[in-house]
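These protein sequence lines are chains L and E, in that order. Going by our numbering, the letters in the first sequence line up with residues 52 to 488, in that order. Going by our numbering, the letters in the second sequence line up with residues 52 to 488, in that order.
If you're looking for bench data, these hints aren't it; they were derived computationally from the structure. Quick caveat, the model's predicted, so the values are computed rather than measured. Watch out, some of these pointers could steer you wrong.
All copies of an identical chain are treated as equivalent in the list; a pair is satisfied when it fits inside any one copy or across any two copies.
[Claimed, not checked] For lysine-lysine, the following BS3-like pairs were computed, each having C-alpha atoms within a straight-line distance of at most 25 Å: (1) Lys184 to Lys234; (2) Lys161 to Lys385; (3) Lys165 to Lys85; (4) Lys447 to Lys184; (5) Lys447 to Lys161; (6) Lys320 to Lys234; (7) Lys70 to Lys165; (8) Lys320 to Lys184; (9) Lys320 to Lys161; (10) Lys165 to Lys447; (11) Lys184 to Lys70.
There are 2 protein chains.
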Amino acid sequence: MALTRTKDRVLAADLPAHKNERVLVEGWVHAIRKFGAVNFLILRDRSGMAQVILEPDQMQRLEGMQAETVVRVTGTVDEEERAAHGVEVRNADVEVLTPVTDVLPFEINKRVLKPSLDVFLNHAPVGLRYPSKQATFRLYSDLLRGFGEYLRARDFTEIHTPKIFGSATESGANVFVLDYFGKTGYLTQSPQLYKQIMVGVFERVYEIGPAFRAEEHYTARHLNEFNSLDAEMGFIDGVDQVLDLLIGVLEHMVTAMAERRPADLEALKVRLPVFGDVPRISFREAQQIILDEHGESRFHEPDFSPQDERWVSQWALREHGTDFCFVTHFPTVKRAFYTMPDPEDPEHSFGFDLLFRGQELVSGAQRIHNHAQLVETMQNRGMSLEPFEGYLEAFKFGLPPHGGFAIGSERLLMRLLEADNIRETTLFPRDVNRLIP
Amino acid sequence: MALTRTKDRVLAADLPAHKNERVLVEGWVHAIRKFGAVNFLILRDRSGMAQVILEPDQMQRLEGMQAETVVRVTGTVDEEERAAHGVEVRNADVEVLTPVTDVLPFEINKRVLKPSLDVFLNHAPVGLRYPSKQATFRLYSDLLRGFGEYLRARDFTEIHTPKIFGSATESGANVFVLDYFGKTGYLTQSPQLYKQIMVGVFERVYEIGPAFRAEEHYTARHLNEFNSLDAEMGFIDGVDQVLDLLIGVLEHMVTAMAERRPADLEALKVRLPVFGDVPRISFREAQQIILDEHGESRFHEPDFSPQDERWVSQWALREHGTDFCFVTHFPTVKRAFYTMPDPEDPEHSFGFDLLFRGQELVSGAQRIHNHAQLVETMQNRGMSLEPFEGYLEAFKFGLPPHGGFAIGSERLLMRLLEADNIRETTLFPRDVNRLIP
Chain L
52 MALTRTKDRV
62 LAADLPAHKN
72 ERVLVEGWVH
82 AIRKFGAVNF
92 LILRDRSGMA
102 QVILEPDQMQ
112 RLEGMQAETV
122 VRVTGTVDEE
132 ERAAHGVEVR
142 NADVEVLTPV
152 TDVLPFEINK
162 RVLKPSLDVF
172 LNHAPVGLRY
182 PSKQATFRLY
192 SDLLRGFGEY
202 LRARDFTEIH
212 TPKIFGSATE
222 SGANVFVLDY
232 FGKTGYLTQS
242 PQLYKQIMVG
252 VFERVYEIGP
262 AFRAEEHYTA
272 RHLNEFNSLD
282 AEMGFIDGVD
292 QVLDLLIGVL
302 EHMVTAMAER
312 RPADLEALKV
322 RLPVFGDVPR
332 ISFREAQQII
342 LDEHGESRFH
352 EPDFSPQDER
362 WVSQWALREH
372 GTDFCFVTHF
382 PTVKRAFYTM
392 PDPEDPEHSF
402 GFDLLFRGQE
412 LVSGAQRIHN
422 HAQLVETMQN
432 RGMSLEPFEG
442 YLEAFKFGLP
452 PHGGFAIGSE
462 RLLMRLLEAD
472 NIRETTLFPR
482 DVNRLIP
Chain E
52 MALTRTKDRV
62 LAADLPAHKN
72 ERVLVEGWVH
82 AIRKFGAVNF
92 LILRDRSGMA
102 QVILEPDQMQ
112 RLEGMQAETV
122 VRVTGTVDEE
132 ERAAHGVEVR
142 NADVEVLTPV
152 TDVLPFEINK
162 RVLKPSLDVF
172 LNHAPVGLRY
182 PSKQATFRLY
192 SDLLRGFGEY
202 LRARDFTEIH
212 TPKIFGSATE
222 SGANVFVLDY
232 FGKTGYLTQS
242 PQLYKQIMVG
252 VFERVYEIGP
262 AFRAEEHYTA
272 RHLNEFNSLD
282 AEMGFIDGVD
292 QVLDLLIGVL
302 EHMVTAMAER
312 RPADLEALKV
322 RLPVFGDVPR
332 ISFREAQQII
342 LDEHGESRFH
352 EPDFSPQDER
362 WVSQWALREH
372 GTDFCFVTHF
382 PTVKRAFYTM
392 PDPEDPEHSF
402 GFDLLFRGQE
412 LVSGAQRIHN
422 HAQLVETMQN
432 RGMSLEPFEG
442 YLEAFKFGLP
452 PHGGFAIGSE
462 RLLMRLLEAD
472 NIRETTLFPR
482 DVNRLIP
């Protein structure tokens, strides 16, 4: 359905198709450039920039108006090689739609965005209009699109599960607590339990939604609220199918994003990852590689150090020409209770990490699906079964072999853009000190 | 990418394409039907049901196994007119993947699901496997898909905004409060403020995410957590474009769902809504219709009664042949502070309701976009400006004319399926008394 309008608006990027026509453009005053003899208004809309020649009477009309004033411009499109899109708007009539008389907390029309991260975040409601910030979060939107697109094409059903839960199913210290009509409610740390339950209903499910962690960390890569991309798949033959799914969905997300947003990729100078044929090595094999190549024995370690992750990634790049490496069979004791131990070597599990350019990017696993085994594991870990009653009921009545993963979406964007801080790739980040805006 | 498997699994719905072949099917034991001479296993997978002939030795293997046992069946596909899809699996070899020895809290393999709503919800982790429940939430998944699909095609950018906020921007009594590292945090009641801020960045945005209301109601159509479908659009000429967008996205959501899921529509006997050309009348015009047709004067009322909504819907169906009716220009005093009053009649606003079959389905509005007008309105309503600092900053630096709406997704599904209670169309509902499962 077309949207009713009194007059058709033309987007900045579409101006070249309207040469010599009189058009209407609308947007923000990104900048006014005064050169005495000739003055320009750079108009910004969702598609990009348009150069508008300002006649003296129009300059007068904008007197006192600051950057970000919202305007409607009627004018004639003419060729101008030096302008964006090779055209400019002449004989313009400028109408102010929304006046701006205040001065921005920092300039958003210069090549470089100058404020510190903290100042930027305090003023994110206007700072996000900066073109490279727009590009960042347009790419984010496309990553999410690719996630759902790939999974729906493989018969996954989208679910939305509650974020308030009645019992603390994970370590109490890391959970946000709220008053729920006189009872205690908890914000869920992940949809893990629900997506496993839903494997019993739809076999294949995914969810895009917030997850909350009350962890008091002050790092560049953790936030207390993030948008989690979760998938879970039943009737697998083994964990390899989960690995196939994860690398397949990631490759589609990145490739589809790149195809849809070449200009944003270019503006942000994104170095696209090389997928290729991603190797799959066990944790012990990775330790052997580290010993062979760097002479350091890690065999007594239950997990990787940051150096280990870099070394394994270097090996994958050199030997297999890919930015990724799967490491499987992590020690069972280091993984969540629902991780399936390898029946042939129960000290090691079907839990895996996906390394990307020297760091862990995503974790996942094949899960325990047998009710008796799950209950025994929980009891051996000293867990109370009562908070898990609904979860365990799904297992009591038959879950198939299954596995899945969770992608921290802001973390993925951070790593793809090689940003220094996850706060640069989160619209309105939440950390220990930041609850607004 | 294909998913690595040792042997290809065939879905129940795809069996007719494999006549006379030996296939592998996997799923749940939906039912075992014993007729003495011949016994059937009805296997359920995500695509539907498959009838498997059980030989005596196979019956023996399933001895003691209950419904919902997870099995792998190898057998030969043969024509059988009376079976689902016109085929059945013979000479079957049945392997138990996950044993079930407990008896379900209620039967999920009968035509009618018998438990009360409360008992059902207590056991939702298995109750949701009931075929008509599966159908319900598959349709839900498709409604969500259609929402994003329609909006992305119109240049909307998907955003995800925080659900924890540092100040109570709405009436304190209706907000969930949590401890946030010694500070007070609040769960957002809607992404309203953020999506307006983001109009300044992307012009057109949408969000799918949870919203939380700490309202102590005990009705069949309210929950304390729901999944909200929000859209907001800038550079509109007037509220009519918001109406165009809303009815356009709804029609696409319903139509695409119907095309993708004919079997589920049929199973649930969904009466698809008639869209047609939806009339747009003002609140006063609606009151005039009520007076003309039913002799009752409503002109002193600031809002509709349920009877009024039914009467207006009846008029729209009779005069315009549609299940929908837009009512615009609601009294300003009854709408949220950010609703734009009609400049020619400030007592009435550019806030609207969309009625569907006799009840309000969605509310929306053109919003105030001028900073001075917004501040004045908030002050006149006695609101404190301080909690809205970030929100107001977006207006200070130029927001274009804009408007939008929020669709309660579970409520929409409830109304489309003509369910009696929103708890029937929510996976794991949260109400005053229900925090698990």
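Status of each hint after checking the structure:
| no. | hint | verdict |
| --- | --- | --- |
| 1 | Lys184 to Lys234 | neither (41 Å within a copy, 29 Å between copies) |
| 2 | Lys161 to Lys385 | neither (48 Å within a copy, 44 Å between copies) |
| 3 | Lys165 to Lys85 | within (23 Å within a copy, 76 Å between copies) |
| 4 | Lys447 to Lys184 | between (48 Å within a copy, 20 Å between copies) |
| 5 | Lys447 to Lys161 | between (61 Å within a copy, 20 Å between copies) |
| 6 | Lys320 to Lys234 | neither (50 Å within a copy, 39 Å between copies) |
| 7 | Lys70 to Lys165 | neither (37 Å within a copy, 68 Å between copies) |
| 8 | Lys320 to Lys184 | within (13 Å within a copy, 47 Å between copies) |
| 9 | Lys320 to Lys161 | within (17 Å within a copy, 59 Å between copies) |
| 10 | Lys165 to Lys447 | between (58 Å within a copy, 21 Å between copies) |
| 11 | Lys184 to Lys70 | neither (30 Å within a copy, 56 Å between copies) |
In terms of the numbered hints stated before, the structure departs from hints 1, 2, 6, 7, 11, listed from lowest to highest.
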